[in-house]
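For the record, in the sequence shown the residue sitting at position 115 is 115 according to the UniProt record's numbering, with numbers rising by one throughout.
In short, the hints are calculated from the structure, not lab data. Treat the numbers as computed from the prediction; the structure is a model and nothing was measured. Since no wrong hints were added, every one of them can be taken at face value.
Now the in silico label distances, taken between C-beta atoms and shown as ranges:
1) Arg-300 <-> Arg-358: 23 to 31 Å
2) Pro-530 <-> Arg-456: 44 to 52 Å
3) Asp-77 <-> Pro-264: 25 to 33 Å
Pairs of lysine to aspartate or glutamate, EDC-like flavour, derived with a Cα cap of 16 Å:
4) Lys-267 <-> Asp-359
5) Lys-93 <-> Glu-234
6) Lys-373 <-> Asp-344
7) Lys-221 <-> Asp-261
Think of the CB as a built atom: it goes at the ideal place given N, C-alpha and C, for glycine as much as any other residue.
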Amino acid sequence: MLRAILSFFGTIFTLLTMGVMLIAVSLGAVFYIYGKDLPSHESLANYTPPTISRIFSTEGRIIDEFSRERRLFTPADEIPELVKQAFISAEDKNFYSHGGYDAGGIAAAAYEAVRSRGENVRGASTITQQVMKNFLLSGDRKLERKIKEIILATRIEETLDKEKILELYLNEIFLGQNSYGVAAAAQTYFNKTLSQLAPHEAAFLASLPKAPSDFHPVRRKDRLLQRRNYVLREMRENGFITEAAYDAEVDEPLRSVQNGDYEPFAKALPPRDYFTDEIRRQLSRDFGEAEFFTGGLSVRATLDPELQVVAARALQGKLEEYDRGIGRWRGTGKSIPAEVATDDAAWREALANVSVARDIDLDGPWYPAVVRKIEDQQMTLGIEGTINDAEPPVVPRKDISWLRGDFAANFEVGDVVHVRRMTEGSNGEGAFIRWTLRQVPEVQGGFMAMDVNTGRVISMQGGFSYQNSVFNRATQAKRQPGSSFKPFVYAAALDSGYTPATIIVDAPIEINTPQGLWRPRNSSNKFYGP
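The whole structure should be built from the sequences, with the hints applied where relevant.
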């Protein structure tokens, strides 16, 4: 009897041992097969991500920035612990203890997937695995990719320390609104630096990696709030914030730039203009577009911002004066359906989607507006950015005295126009009088001012409005030389021995050129002899 029992347990032990060995061999084979041709992870040690190129004025103020991925690279030692703790709590609470993958997390995710019959499939990727996915692998959820992810994660854990891995993750991760990395996201959502973030704001950012579009601060505000509070609870459970701090932070409302709670960072920048666009063109030509848009260049421009404003207004003022003297209305060439223009609930959204110049500031800002009603002596408008006044804004008949024809001859309901405030003072200052119609002139011009001692260009205006036309007439327009070419002809003649007394015979002549015979002629097609 005892022998039979021992034999039974011996058989069980043998089978278990063989099973474990079989599993180990199978796993070894799988990891060997998938680990042979994996991409190299060694390049991550010299990580140089695409970053924003910025242009500064002469006094060091940011006047424009260019990028394909809006990223502000921040070394790990400059990222506050609070931000690191928020992301670790949200994405990988065992980050500092695992070797690249979290076996417990994988098992829990697998159990949940089986229990829910595939309806609740959640990720179990560690931060290290996410780094591998973002840098070296695709983002699909195939088993093959997961295996490769784990293999690479274990390898990089042996190569890089935890802080370097966290630096890669926090600078590469996409957080919505074209923001890559935590520093750019803090600026995008709060117009703050990382060091200025409160715990609830750090938790806000840590809520986004899972799916930024699913946690949009406006369209999915309630869902984002729930996720933010979950991250705060995890931060409390992990000992990163106290119970009192949690209670205070979880009661904070969800505030963001997108909800109008903070001024956007871009509002502090002047509108893009011809000067900075010319810098883009020249540097893209000299260094390549990829380097300019991803190289994180800091460009000190020769621009004097005050003179640039003076140049723009001087050119715009004279072009508008000339245009109004012609007395013809062209408008913007844009319109919205008449039934939308007369709908109090719909015209604002429709107008916001119309592409017209919004960068003009001549005697005050110019606003896009839509014609809502036309009468004999006045025209009723809907103006972008204005509130629902009891009396809608109108333009009187005398405002178009410079035009040929009346309102009905020049306008239709739904036309998109420009208007500005007419005030008692200049530049839109002083008491408001009424609204006045404006239009971008058809005739354009260019302006450039240089420091004669250094050759530096201190202001440049390539047209009436950059948003209306990006063509830079100061640098890109081709001009006929006209009489300015004559001094070069006379100088060449004098250099060849001609004198002011030399008689030139006006007779037919033929000159061989690489393109064939050239037979210059007078404009009259006649020759006049000596």
